Structure formats: structure tokens, C-alpha cells
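Start from the sequences and build out the full structure, keeping to the hints where you can.
Sequences listed follow chains A and B, in order. The letter at position 163 of the first sequence is residue 162 when you use numbering that gives the first Met the number 0, and the numbering goes up by one with no holes. The letter at position 63 of the second sequence is residue 62 when you use numbering that gives the first Met the number 0, and the numbering goes up by one with no holes.
To be clear, the hints were calculated from the coordinates, so they are not data collected in a lab. Note that the structure is a prediction, hence the values are computed from the model and not measured. Errors might be hidden in some of the hints.
Same chains, same label: a pair holds when it works inside one copy or across any pair of copies.
[As the list claims (entries may be wrong)] Cross-link-like lysine to aspartate or glutamate pairs, in silico, DMTMM-like; alpha carbons within 20 angstroms at most:
#  : residue 1 : residue 2
1  : 180       : 54
2  : 225       : 248
3  : 55        : 179
4  : 203       : 190
5  : 90        : 195
6  : 147       : 179
7  : 62        : 161
8  : 90        : 220
9  : 178       : 138
10 : 196       : 168
11 : 233       : 138
12 : 191       : 162
13 : 178       : 51
14 : 14        : 162
15 : 90        : 208
16 : 14        : 54
17 : 211       : 190
18 : 226       : 188
19 : 180       : 51
20 : 147       : 183
21 : 50        : 16
22 : 178       : 144
23 : 90        : 207
24 : 196       : 207
2 protein chains.
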Amino acid sequence: MNNIIFNHRSIRKYKEDSIPVNVLNEILHAGTRASTTGNMQVYSMIVTTGKDIKEKLWAAHFKQNMVLQAPVIITFCADFNRFNKWCQQRKASPGYDNFLSFVTASTDALLVAQNVALVAESNGLGICYLGTTIYMAKDIIEILDLPKFVVPVTTLVVGYPEENPGLTDRLPLEAVIHKEKYTDYSPSDIDKFYFEKENLELTKKLLEENKKETLAQIFTENRYTKKDNIAFSKSLLTVLSSQGFMHND
Amino acid sequence: MNNIIFNHRSIRKYKEDSIPVNVLNEILHAGTRASTTGNMQVYSMIVTTGKDIKEKLWAAHFKQNMVLQAPVIITFCADFNRFNKWCQQRKASPGYDNFLSFVTASTDALLVAQNVALVAESNGLGICYLGTTIYMAKDIIEILDLPKFVVPVTTLVVGYPEENPGLTDRLPLEAVIHKEKYTDYSPSDIDKFYFEKENLELTKKLLEENKKETLAQIFTENRYTKKDNIAFSKSLLTVLSSQGFMHND
Chain A
0 MNNIIFNHRS IRKYKEDSIP VNVLNEILHA GTRASTTGNM QVYSMIVTTG
50 KDIKEKLWAA HFKQNMVLQA PVIITFCADF NRFNKWCQQR KASPGYDNFL
100 SFVTASTDAL LVAQNVALVA ESNGLGICYL GTTIYMAKDI IEILDLPKFV
150 VPVTTLVVGY PEENPGLTDR LPLEAVIHKE KYTDYSPSDI DKFYFEKENL
200 ELTKKLLEEN KKETLAQIFT ENRYTKKDNI AFSKSLLTVL SSQGFMHND
Chain B
0 MNNIIFNHRS IRKYKEDSIP VNVLNEILHA GTRASTTGNM QVYSMIVTTG
50 KDIKEKLWAA HFKQNMVLQA PVIITFCADF NRFNKWCQQR KASPGYDNFL
100 SFVTASTDAL LVAQNVALVA ESNGLGICYL GTTIYMAKDI IEILDLPKFV
150 VPVTTLVVGY PEENPGLTDR LPLEAVIHKE KYTDYSPSDI DKFYFEKENL
200 ELTKKLLEEN KKETLAQIFT ENRYTKKDNI AFSKSLLTVL SSQGFMHND
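So, in C-alpha cells, the structure goes:
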């Protein structure tokens, strides 16, 4: 297991080969073994392999080619719908139409997703998470017919790798760890922790290509802009309301 | 790896033995290899081992004994503070003070947590997630000195197991999987999928102890009540505001 975790790379180019049914079942089954809140298991996995729905998902996920290439797309959803229906059929009144319940269900779905990712990789498959899932939740809800109390929170594309990239850089361990309590970062801590990242060949290439002075500007001005973040925040909050998770009074 | 995932049990009783430094470093390092959004790594891990802070965390986590027993408590936080400081030091204007950015950072933190949990288990350690983290975020922020743009989203207690429980029941795989699109549950689906859980000896014992007619009532009336969920929803939304994540206009 440890070598799977320490060798993880996101894969963005896939072979056409489909995933054998027994392998797919094993990786989905691995998801079900993750811890969930009170063992409520308030998540669902939507496994999409057909061309028509994949094309719609591809359009929603900013037309990233890997969504069409990879044989299997798994959309992980916060799902209180099944649990609520069970309660209602059992003379119990569910009180899970609020923000806390969305966060609870979202947590379940994400821990499940990481189990699925790791067991996929242990079977020689490649994976990539799609952050676009929460930006485009409204479209994905329509494409996948998600009912009330179901919200997509992440997506994995899964398939046999057609590329073999190196490990991605990470901040040093001491940058993300705090001992006992949080110790806030001084300006020199920030300089030290980002030094390696800022001096990669890849970073220098990006700065030239994007004609920017700093790598941080590529994040704030190109990749993850305030304008986009505000638009996606609004649409995600609207989705939480329309899916029934904002009755907080 | 797969046998670690398929044998996962939450451990709630721990030996006093401390965790060797090299083992602790390996499990924390495993966290850093998880996928994060755009490789921004917007999370932090607070590693608490000292008696004084553990006692305060124990009080916040509903006085669950395992928080005092286990040698290491790791609080996983959505953290845009470090990234924002980097942007500001690099002539870039961060636009990460909104709800989407909280969800992004929270997703990073949860995938990291599951890597940490699995590599802990592969080293013979036991773990348990504390769902109380999001209920009691306000208290935990004070105890751990979390600055703006940092919110705790889950906690792992980690230590050598003093118990060896059996696997916990799960819904059948077909209950949590949907093929191509979401297929909503009919009343007979619900009956079928919850049949095994409702007929466990454990369930029968719980019904007797709690004097309830159905297992669902134990969830809605005892464990996860509407009243608590609404109170925790309000307090979590207040925390998101006070930590700086609700500038959505």
C-alpha cells in the first residue's frame, strides 16, 4: 500500500482499454470500507461508462479530454436521499436537510473516493480527480438525474495510463505540519517553504509562457481567479439550497 | 494495501505506547502525497501529543476517552492562510475568501486524512475519525490557535490498538452504486438494502436498550437529531464567516 501512496501521480492520458468487471467491482467495494459518519454511509458512486453521458460530463468538466478517453468516470456524491427515504419508511423523521448534513455527507463521499483511487492504482490503473465537479455541480446534477439531497462533490476518471509522468513537487513536510498548535507563518517561513517550488524548471517555463513575474500570479490571475471563485461559490450555494441542504432554522 | 483497506476497523481503545518518530513522519508524509486541487496543497495537519492541549481537545470532542488515551491526535484543516500569505508576498491578490475556497481546501484536507489513516494502519496503528470536529469547530479553532482562513474539518486519533473489533456492517455494494445515472430508490429497494443491517443482533440489542421501534429512530431521535444538526449548521456557518470564507459577492 505504502508504495502506491508514495508513487501516486495524476494521469491525464488514457488507453482505450476497458476495465474488467471484477477489477471495477473490487475498487468500488474498497470505497465501501472507508469510515463514514456513524456508519450512515451517506454517499453514492455514479459509475458512467457509456459514450452519450460521458460526452455530457466531458462538456461539464471544461471539455478535458481525459473524461472522454478514460473508460470509467466515477462521480462521488454526498447523498442523504437514500437515508432519508429509509427513515421515512421506518416511522422516523429525518432532520438532514441542513448545511451540517451536506458537510457530513460530503466528508463520507471524499474518504470513499480516496479508497477507490488507491485500490484503482494498486490494480495498475491511473486516476485523476476533477475539481470541476463542485464548479459545475448544477450541470452534473442534470446530466446524472441527481434527486434532492444528492450533490456531486468530486469525480475520478479511471483507466489504464497512456503516460508515465514523474512525481509532482510538494511543499516540504514541515510546511504543512504544526506541532501541538498552529504556528503562523513568518515572511521568511513562506520564502523558505516555497523556495523549491519557485525554482523548478517547470515554474520558470510557466512564468515565460504566461509572461508573469511570480508563480503566485499564475494562480490568482489565470488558474483560480477571484471572479471565477465568486461565481462558483454563488452557484454552489444555490445548488445546496435547491438540493435541500440549506434549512438551517 | 488492499488488505489494509478491506480490514479497516475504527479503534476506540488505545494502549499508552507512543508512536516512534520515524513512523509518525512516514504517516504524515503519506498525507502529503494525496492529490490536491491544482497542487495548491491548501491544508494543514496539527499534530497534538501533549497532555494539556489533548485535554482541551478531549473536552471539545464530547469527552470521548480515546482522545485522551491515544498518543497522537491529528487535526486536519482546510488552510488557505499559508497560500494567501504566499500570494501577498509575491505581488498577487488572492481571491480565496469565499465558500468555494473553503470547499476546495476542505477536499484537500480530507483526501490527505485518508492517506494518513491508511498508512497508519499499515504500520499496525489503529485510527478513528472524529465527526465532532465540524460540530465543535469554534472551540477547536480557539484551542489550536487557528488563524483566519483555517478551519478544522476532521480529526484522527492514532495509536496502538487495545481492542480488536470485527468488521463493521456495510450496505450491499449495489445500494451505494448507480450505473450510468442515478436511479432513485423504490420502497422495496430500501427494504432490501437495509434488510441485513436491520436484522443484525447488534440492531436488536440497540432497539431493546433504547426502547425504539426502528433503527432509523435511533438515528433521528438519539444520535443525529434535527435540533443538534440545526445548531451545528448555524455554528459551522458562523465559523466559515469568522474565518473569512464567506465573501461571496
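query = Does the structure break any of the earlier hints, and which numbers would those be?
reply = 12 and 18
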